[in-house]
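Novice: Here is how the chains run, residue by residue.
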Amino acid sequence: MRNKMVLFEVVRTALTIAIALLLGYLILIFATDDPNTAFKWFIYGPISRLRRFVELLNRATPLIFTGLAVSIVFQAEIFNIGAEGQLFFGAVAATFAALYFPQIPFLHVIIVLIFAMAAGGLWAAVPAYMKAKWNASELVSSLMMNYVAFYLGLYIINYHMRDVNAGFLVSYKFPRTAWLPRLLRRYNLYPGIFIALGFAILVWFFLYRTKYGYELRMVGKNKEFARFSGIKVENVIIYSQIISGMVAGLAGAVEIMGLYKRFVWQMTPGYGFDGIIVALLARNNPLAVIPAAFLVAYMRTGALIMGRMTGIAPEIVMMLQAIIILLITAEAFLSFWKKRIIEKAAMEQEEKK
Amino acid sequence: MKAIEMIDIVKVYPNGIVANKGVNFEVEEGEIHALVGENGAGKTTLMKILFGIEQPTSGEIRIFEKEVHIHSPHDAIAKGIGMVHQHFMLVPSFTVAENIVLGMEPKKGFSIDMDEAVKIVEEASKRYGLEVPPTERVLDLPVGIKQRIEILKALVRGAKILILDEPTAVLTPQETEELFVALKNLAKKGMTIIFISHKLKEVKEISDRVTVLRDGKTMGTFLTKDVSEEDISRLMVGRDVELVIERPEPKPGKIVLEVKNLNYFREDGVQVLKNVSFALREGEILGVAGVEGNGQRELVEILTGLRFGAIGSVRLLGEEILGYDAYTLRRKKIAHIPEDRVEKGAALKASIAENLISDRYYKEPFSKRLLLFPRKVIEYAKKAIKDFSIKTDSPLTPVGMLSGGNMQKVVVAREFTAGAKLLIADQPTRGIDVGSTEFVRKELIKVRDEGVAVLLVSADLQEILQLSDRIIVMYKGEIVGYFDKNEGLTEEELGYYMLGVKRHDENKIKEAFAL
Amino acid sequence: ALLINGTLGDKSFFDSAARGIKMAEKDLGIKATIIEMGYDQSAWRPTLEDIADQDYDVIIVGTWQMQEILEDVAPMYPEKKFIIFDTTVDYSKGDLDNVYSILYKQNEGSFLAGALAAMITTSGMEKTNPQPIIGFLGGMDIPVINDFLVGYIEGAKYINPNIKVIISYAGAFNDPAKGKELVLAQYRQGADISFNVAGETGIGLLEAAKEMDKWAIGVDSDQALIVEEKDPDMAWHIVTSMMKNVDLSIYRALKLTIEGKCPYGKAEALGIAEKGIGLADNKYYEKIVPKKFRDKIKEIEKLILEGKIKVDTAFGMPREKLDELRNSVRP
Amino acid sequence: MNELVHGILSPQFFYSILRVTTPILFAALAALLSDVAGSTNIGIEGMMLMSAFWGVMVSAWTGSAWIGLLAGVTSSVLLSLALAYFYLNLKTDLVLAGIAFNIFSSGATVFLLYLFTGDKGSSSSLKSYVLPKIDIPLIKDIPVVGDILSGHHVLTYIAFISVFVVQYFIYKTPLGLRLRAVGENPDAAQSVGISVKKIRYISMLLSGLMAGFGGAFLSMGYVSWFARDMTNGRGFIGLAAQALGGHSAFGSMWGSLLFGLAEAASYTLQAIRIPSEFTNMLPFIFTIIALAIYARSKLLQIKKIKEEEKKA
Ligand SMILES: Nc1ncnc2c1ncn2[C@@H]1O[C@H](COP(=O)(O)OP(=O)(O)OP(=O)(O)O)[C@@H](O)[C@H]1O
Ligand SMILES: Nc1ncnc2c1ncn2[C@@H]1O[C@H](COP(=O)(O)OP(=O)(O)OP(=O)(O)O)[C@@H](O)[C@H]1O
Ligand SMILES: [Mg+2]
Ligand SMILES: [Mg+2]
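Same order as they appear, the protein sequences are chains V, G, D and Z. Just so we're aligned, residue -4 is where the first sequence starts under our numbering, counting upward by one. Just so we're aligned, residue 14 is where the second sequence starts under our numbering, counting upward by one. Just so we're aligned, residue 2 is where the third sequence starts under our numbering, counting upward by one. Just so we're aligned, residue 792 is where the fourth sequence starts under our numbering, counting upward by one.
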């Protein structure tokens, strides 16, 4: 029975993706003269060359981090959507640590990462504290903290770490000791993806194999029940958000240390909101975050490559993406079929008894 | 005429559970028909199908001898069916009148005509003999009243068939009596009533006929007067059930819980506990009787660290514990079966296994330092499921998918095995079937004999009388009665104290506890 | 190929570059693709590499943000030609003989705009008040924008040392509503002319000028001509525009490339002299601005050309110096 | 400094508060109408954007601002119904669907803009129309008050009138009662034969209606064209404003006005050379503080009542 259900879910997901792609194809017909080529690049682009595959990996990296961060708070049933601000502020803190801490190889990288985690955690602590102590809506406070992180971060960069010789608002370049090094000579592969995968396992372990993870999940499932059972709910509300903020902060640091080697963002990169998509696609399961992040990254990369090869505008791709996400998560889509399978299996089992 | 015919009803839930396996069920117009069965037998499911909340996988339904398809409660209401649910379905922040007229609001211009709504409620109230305060918010009302609101809701919608899913589980004998009078009246006027209950005595008292379900199948329909309680329970469970429980003499030890001059004001300023004092020894069961809403809930929540701000003194084995939170009290070995299993007692979305360890997840063998060992948890859960005969196919099933009674068993299983010194049991057998009730009650006696101090709060007087070594009665936040040996004490006598008609002298009560 | 590290439709910078390409396609008979890379910075580098992998002859990118990437990528493709506009690669890093850089002296053009604004605000013309207060709307507090600002302030001070400049940054290039509110606030506080350096946000400035009946100075393209068809009344509020002729410069670079005369391996700074930059000389300018002011502007233009006036640039200017400059004109 | 005081205390400043508040208030009411029925509408941002776009397009084609408004609002409502369909019929997670719809709207508006005008940034080359401003007879002649309250955009008045209408609707009408019932306890609503799905559809539709007005205001009043992503987070700010105000339309209004005040002040404050990052941050800091104070006072209030009772 369980096996059958798993098989069903796989088939259903594949079918949904196929239908979503078909819809996407229809949009393309509308948007270009040569939908076939465009479509080919969209589907096949990210794996057509090693360089593009590396691009895919790099794009999945921040999505895994923010997907994990969001999963943690969502598991605790806390609607903190502050990952965006946490990662932005984490990146600012990472910039500070990269520029001002002693340049000891290896250790420097660790210090920078820890700094980013601390900053992300700190940023998440504000809505966390307000929620735990005063029951203030974390949706509002975390959303506001995103904007504050953005403007305050820009201020710090602009007034204290801006590279005066640069033609744009960017920080000074990091010293080499604070780089996440390039792993391949010709390809821009950096270790971010491995750190991200490591963290996915770590977060999974935390949630399902430690007692703090258990507390967190129980608070998410029923707060009153958790309190009744002798779990310190306020503590959980605080630490779950802080841990989530730390993971989000890491996302920002890893990205700038790997790709840019300096602070370059003029606007928030949007990974925090992508993280919500990823987490929801993954049903808040840290391990499922990996394929979910890859799916989103694959769509993005495919779309960009399609744009490069055919000149199709990125806007079409946004529409495509939205449709795919909607259909994949539409639980009741094709559910009549599921119902039939279950009923049949259940009745057969009954008759056997 | 036949009011209801349900023929060969099969229901498969989306998770693959077959709750009804070809049920046949017939009700005559104007009769009171009892539907009984073990927890999880499929009673609620069958009624939900009739009321349009669930759709049958297969089967046929006839109402007043016409074949019908009921797709939603709206359809059911239109066909004259009304249902009072096992768990209340009221909007807490609305007034009584708003709850009752919801969906059929009288209008004045664009607005709701509140005066008219109140009038509708008052009239219905009078006509059916079910008194309710129309302008009060449901939030603050006792369950007995909520029950009446639910019934009125169905009646003002012109129900000709009334389904009551365990309506008496939360009522006092007096309230039950009143309800029965009202039901009999309704039946006399031609109302068809389906009555679900685990209290066979009530079934005997009120119903004309009874249908027994077992494991999703009909075991038969009988004229109530032809079958005894024992017969019914045998049909339900498939074996004999002892309806009287043997109780060895208690051997009380030292004082475990000592409550002195406890006073408490609720958020809205009402004083709900007044100078409450009592003591409880190890190896004894102290029953707390009283109509719901007389301070028992608050008392229990204060004692278990879920409610703060009381004044007075509470000592656990001599240590002052007033104001400690649940976290601390759990670790001081207080276990608690809460009144409300859905809100507090369980996390419906979590699995049975996860629910069973919520107070001990941090201890060995489930956990060591930071780590948690899920395999140990599941092993443990499997054992508990067997010991407490929880009806499920896997310890990983979410508790929310269990039947009402089985949910209760999960809670009971956890709290009985907590290794507590003090067990506070608030309505421990609410909604549990006869077989399991027997089991829980025996278990209570067993833990008592192992030296646990048990504070038993129950609206079920039979239960109080059967299990308690001593009894106190609460009325309007005060202890108004104390009974040492309950031999010879009747439900009726107890009822007078519960309703505030009689009371003992305060000093006498204090003396009894040597306070 | 032209790679846009953003999207088209900004009515100024990138659109202008695209226009240059289209002109070249038509006149020079070349084939070109325009690729919008969007604002996701992580996509820029892979795109450039990807495009370089294919068989385009000339690849054009713009802005400082692409500079470092190009410095990395260009040496790997010595057989390809790269043009970068609005910034220059650092040729001292070597191996960049295949890159031609185009710079614009927007500070010089802004100097003219500032001088004009300072003259107008106290001129007693219609829509003005006697206070010497002028406005500046920037998209963000970043060097490119501040390069305009520095020239603007210096130009204004050149005319009137007591000039006050109300400076607002919207914090975004795509929020016209916010741009409008900011400039309304400027006008309320006594400014009667404001300089628009804010991309789409700046459209709000034009609207505010119309609504409060004050003056505006456009940017990048000749904005009076752009709006006149749709809203003639608005066009009459735009005294002139500080034009940055990205289109012409790209067209010129491509033409030179075909002729084999384009100086790859070098940077060229286009200012007033090269017609890379300048105030729009259209009918609105002629009708609105009195002749004596126009003459004065001509004179200043000449002084700049002759090097008698040196305009500072915000690039490489330390924060303190910039703040000092901004504070010196604080109202 | 004088200029600053002048800027803040001028009637125009207060006038501009009302104008800045308008789109936020519409968004907040949109949030409120979905929230009372128990669904968080994250898609307001996208709905506003759609409405802003179609409002401009259709007004340009037909030459009528009113038909434009109708088209804008209709597009927003259609979008809200589509969102409701995914949420209620296909059982997509509501938050996820909302985000997806926002992405979709952002892409679709730019794509269509390009298709129709050949321009991807804004519709400024298109002659579209704006809705009129209205002088209120009598009031406009009162010196200061008239300058503040009169002469606003017609949608600004509609926004503030809507506050009363929505409040009345939610708390006094049968449908409002059903909405609240579904929001608080859907099972209870279902048990009396109310179709929870239908009610949620209605609430989404009304939410889309309000969002539609908000979007139309942006492109047909605030400014006179459509620009890509021109909502710029106002939908989310509206959600926050509503969350500040709870389940009351007046609460939503005060929340929106708080934002409006902070934003208008931030524009004026830039003049005295406070770094723009700080002035831009102002509305958000304000909100966090307001939220903290509000939440805290609510807790303290409960405590106080209890203590007083105890003493008595
Ligand atoms: N929503 C649901 N999803 C899946 N399974 C369910 C659901 N509701 C009930 N079940 C299962 O269906 C079976 C019958 O449940 P039902 O609630 O009808 O029992 P019941 O006879 O009313 O029991 P009780 O006396 O405890 O209320 C049980 O095994 C239960 O676990
Ligand atoms: N008699 C009734 N009993 C219970 N619910 C009803 C009844 N009549 C209508 N409803 C509920 O009210 C909802 C609206 O249905 P309908 O339009 O028929 O009602 P109404 O009273 O005519 O309302 P309105 O006049 O506002 O349209 C339906 O979902 C239905 O569930
Ligand atoms: Mg049941
Ligand atoms: Mg002046």
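Keep in mind that the hints were calculated from the coordinates and are not lab data. Just so you know, not all the hints are guaranteed correct.
In silico DSSO-like pairs for lysine-lysine, Cα to Cα no more than 30 Å straight-line [stated by the list, open to error]:
{"#": "1", "chain 1": "G", "residue 1": "Lys273", "chain 2": "Z", "residue 2": "Lys882"}
{"#": "2", "chain 1": "G", "residue 1": "Lys521", "chain 2": "G", "residue 2": "Lys212"}
{"#": "3", "chain 1": "G", "residue 1": "Lys34", "chain 2": "V", "residue 2": "Lys339"}
{"#": "4", "chain 1": "Z", "residue 1": "Lys1095", "chain 2": "V", "residue 2": "Lys227"}
{"#": "5", "chain 1": "G", "residue 1": "Lys132", "chain 2": "G", "residue 2": "Lys79"}
{"#": "6", "chain 1": "G", "residue 1": "Lys34", "chain 2": "V", "residue 2": "Lys(-1)"}
{"#": "7", "chain 1": "V", "residue 1": "Lys218", "chain 2": "G", "residue 2": "Lys201"}
{"#": "8", "chain 1": "D", "residue 1": "Lys128", "chain 2": "Z", "residue 2": "Lys989"}
{"#": "9", "chain 1": "G", "residue 1": "Lys230", "chain 2": "G", "residue 2": "Lys92"}
{"#": "10", "chain 1": "G", "residue 1": "Lys381", "chain 2": "G", "residue 2": "Lys455"}
{"#": "11", "chain 1": "Z", "residue 1": "Lys1095", "chain 2": "G", "residue 2": "Lys489"}
{"#": "12", "chain 1": "Z", "residue 1": "Lys1095", "chain 2": "V", "residue 2": "Lys218"}
{"#": "13", "chain 1": "V", "residue 1": "Lys218", "chain 2": "Z", "residue 2": "Lys924"}
{"#": "14", "chain 1": "G", "residue 1": "Lys197", "chain 2": "G", "residue 2": "Lys214"}
{"#": "15", "chain 1": "G", "residue 1": "Lys381", "chain 2": "V", "residue 2": "Lys227"}
{"#": "16", "chain 1": "Z", "residue 1": "Lys911", "chain 2": "G", "residue 2": "Lys132"}
{"#": "17", "chain 1": "G", "residue 1": "Lys404", "chain 2": "V", "residue 2": "Lys218"}
{"#": "18", "chain 1": "V", "residue 1": "Lys333", "chain 2": "V", "residue 2": "Lys347"}
{"#": "19", "chain 1": "D", "residue 1": "Lys262", "chain 2": "V", "residue 2": "Lys35"}
{"#": "20", "chain 1": "G", "residue 1": "Lys264", "chain 2": "G", "residue 2": "Lys201"}
{"#": "21", "chain 1": "G", "residue 1": "Lys434", "chain 2": "G", "residue 2": "Lys455"}
{"#": "22", "chain 1": "G", "residue 1": "Lys273", "chain 2": "G", "residue 2": "Lys92"}
{"#": "23", "chain 1": "V", "residue 1": "Lys256", "chain 2": "D", "residue 2": "Lys94"}
{"#": "24", "chain 1": "D", "residue 1": "Lys262", "chain 2": "D", "residue 2": "Lys94"}
{"#": "25", "chain 1": "V", "residue 1": "Lys227", "chain 2": "G", "residue 2": "Lys217"}
{"#": "26", "chain 1": "G", "residue 1": "Lys79", "chain 2": "G", "residue 2": "Lys120"}
{"#": "27", "chain 1": "Z", "residue 1": "Lys918", "chain 2": "D", "residue 2": "Lys211"}
{"#": "28", "chain 1": "V", "residue 1": "Lys227", "chain 2": "G", "residue 2": "Lys345"}
{"#": "29", "chain 1": "Z", "residue 1": "Lys1095", "chain 2": "V", "residue 2": "Lys128"}
Where chain V lies over chain D, by a calculated footprint (3+ residues, C-beta under 8 Å) [as the list claims (entries may be wrong)]:
{"#": "30", "region": "18 to 29"}
{"#": "31", "region": "123 to 134"}
{"#": "32", "region": "191 to 204"}
{"#": "33", "region": "253 to 260"}
Listed below are several chain G residues computed to face chain V (Cβ distance under 8 Å; list not exhaustive) [said to hold, decoys possible]:
{"#": "34", "residue": "Ile74"}
{"#": "35", "residue": "Glu78"}
{"#": "36", "residue": "Leu319"}
{"#": "37", "residue": "Tyr337"}
{"#": "38", "residue": "Ala339"}
{"#": "39", "residue": "Gly358"}
{"#": "40", "residue": "Ala359"}
Predicted model, so just to flag it, every value in this text is computed and none were measured. Note that beta-carbon positions come from the ideal geometry of N, C-alpha and C, so glycine has one too.
Novice: Please go over all the hints and tell whether each is borne out by the structure.
Specialist: Taking the hints in turn, this is what the structure says about them:
Taking the CA atoms of Lys273 (chain G) and Lys882 (chain Z), the gap is about 54 Å. The hint is violated against a cut of 30 Å. In summary, the hint linking Lys521 (chain G) to Lys212 (chain G) is not supported, as the alpha carbons are separated by about 35 Å, beyond the 30 Å threshold. Between Lys34 (chain G) and Lys339 (chain V), the direct Cα distance comes to roughly 13 Å. Compliance with the 30 Å bound is thereby established for this hinted pair. The suggested pairing of Lys1095 (chain Z) with Lys227 (chain V) holds, with an alpha-carbon distance near 25 Å, which does not exceed 30 Å.
For the suggested pair Lys132 (chain G) and Lys79 (chain G), the alpha carbons sit about 35 Å apart, so the restraint of at most 30 Å is broken. Our distance criterion of 30 Å between C-alpha atoms is met by Lys34 (chain G) and Lys(-1) (chain V), whose separation comes to about 22 Å. Note on Lys218 (chain V) and Lys201 (chain G): the hinted pairing is violated, with a Cα-Cα distance of about 47 Å set against a maximum of 30 Å. Between Lys128 (chain D) and Lys989 (chain Z) the alpha-carbon distance is near 57 Å, which puts this suggested pair outside the 30 Å criterion.
A threshold of 30 Å between alpha carbons decides the hint, and for Lys230 (chain G) with Lys92 (chain G) the separation of about 26 Å falls inside it, so the pair holds. Proposed proximity of Lys381 (chain G) and Lys455 (chain G) is contradicted: the alpha carbons are some 34 Å apart, above 30 Å. The suggested pairing of Lys1095 (chain Z) with Lys489 (chain G) holds, with an alpha-carbon distance near 24 Å, which does not exceed 30 Å. A C-alpha spacing of about 25 Å is found between Lys1095 (chain Z) and Lys218 (chain V), which places the hinted pair at or below 30 Å, so the restraint holds.
With a CA separation close to 51 Å, the supplied pair Lys218 (chain V) and Lys924 (chain Z) exceeds the 30 Å bound. Between Lys197 (chain G) and Lys214 (chain G), the direct Cα distance comes to roughly 16 Å. Compliance with the 30 Å bound is thereby established for this hinted pair. For the hint pairing Lys381 (chain G) with Lys227 (chain V), the CA-to-CA distance comes to about 19 Å; that is within 30 Å, so the pair holds. The hinted pair formed by Lys911 (chain Z) and Lys132 (chain G) fails the criterion: a straight-line CA distance of about 62 Å is larger than 30 Å.
At roughly 26 Å between alpha-carbon atoms, Lys404 (chain G) and Lys218 (chain V) fall within 30 Å of each other, so this suggested pair holds. Distance hint between Lys333 (chain V) and Lys347 (chain V) is fulfilled; the C-alpha atoms sit about 21 Å from each other, no more than 30 Å. The hinted pair formed by Lys262 (chain D) and Lys35 (chain V) fails the criterion: a straight-line CA distance of about 40 Å is larger than 30 Å. Restraint check for Lys264 (chain G) and Lys201 (chain G): not satisfied, since their Cα atoms lie roughly 51 Å apart, outside the 30 Å limit.
The hinted pair formed by Lys434 (chain G) and Lys455 (chain G) meets the criterion: a straight-line CA distance of about 18 Å does not exceed 30 Å. Our distance criterion of 30 Å between C-alpha atoms is broken by Lys273 (chain G) and Lys92 (chain G), whose separation comes to about 56 Å. Simply put, Lys256 (chain V) and Lys94 (chain D) have alpha-carbon atoms about 18 Å apart, close enough for the 30 Å limit, and the pair holds. A threshold of 30 Å between alpha carbons decides the hint, and for Lys262 (chain D) with Lys94 (chain D) the separation of about 23 Å falls inside it, so the pair holds.
Distance check on the hinted pair: Lys227 (chain V) and Lys217 (chain G) sit about 47 Å apart at the alpha-carbon level, beyond 30 Å; violated. As the CA atoms of Lys79 (chain G) and Lys120 (chain G) are separated by approximately 34 Å, the hinted pair breaks the 30 Å bound. For the given pair, Lys918 (chain Z) sits about 16 Å from Lys211 (chain D) by alpha-carbon distance, which is consistent with the 30 Å threshold. Between Lys227 (chain V) and Lys345 (chain G), the direct Cα distance comes to roughly 15 Å. Compliance with the 30 Å bound is thereby established for this hinted pair.
For a cut-off of 30 Å, the pair hint linking Lys1095 (chain Z) to Lys128 (chain V) stands: about 17 Å separates their Cα positions. With 0 residues having a Cβ less than 8 Å from any Cβ of chain V, the region 18 to 29 of chain D misses the three-residue criterion, and the hint is violated. With 0 residues having a Cβ less than 8 Å from any Cβ of chain V, the region 123 to 134 of chain D misses the three-residue criterion, and the hint is violated. Look at the region 191 to 204 of chain D against chain V: 0 of its residues bring a Cβ nearer than 8 Å to a Cβ of that chain, fewer than three, so the hint is violated.
With 0 residues bearing a CB less than 8 Å from a CB of chain V, the region 253 to 260 of chain D misses the requirement of three and the coverage assertion fails. For Ile74 (chain G), the suggested interface contact is broken, since its CB lies about 18 Å from the closest CB of chain V, more than 8 Å. Taking 8 Å as the C-beta contact cut-off toward chain V, the hint placing Glu78 (chain G) at the interface is violated, the least distance being around 29 Å. At about 6 Å, the closest approach between the beta carbon of Leu319 (chain G) and any beta carbon in chain V falls short of 8 Å, and the interface hint on this residue holds.
Below 8 Å, beta-carbon pairs count as interface contacts, and Tyr337 (chain G) has none with chain V, the closest being about 11 Å; its hint is therefore violated. At its closest, the beta carbon of Ala339 (chain G) sits 5 Å from a beta carbon of chain V; the interface hint therefore holds under the 8 Å criterion. The beta carbon of Gly358 (chain G) is positioned within 8 Å of a beta carbon in chain V (closest approach about 7 Å), and the interface hint is therefore held. Hint status for Ala359 (chain G) relative to chain V: holds, with the closest Cβ pair at about 6 Å, below 8 Å.
When held up to the earlier numbered hints, the structure conflicts with 1, 2, 5, 7, 8, 10, 13, 16, 19, 20, 22, 25, 26, 30, 31, 32, 33, 34, 35, 37 and fits the remainder.
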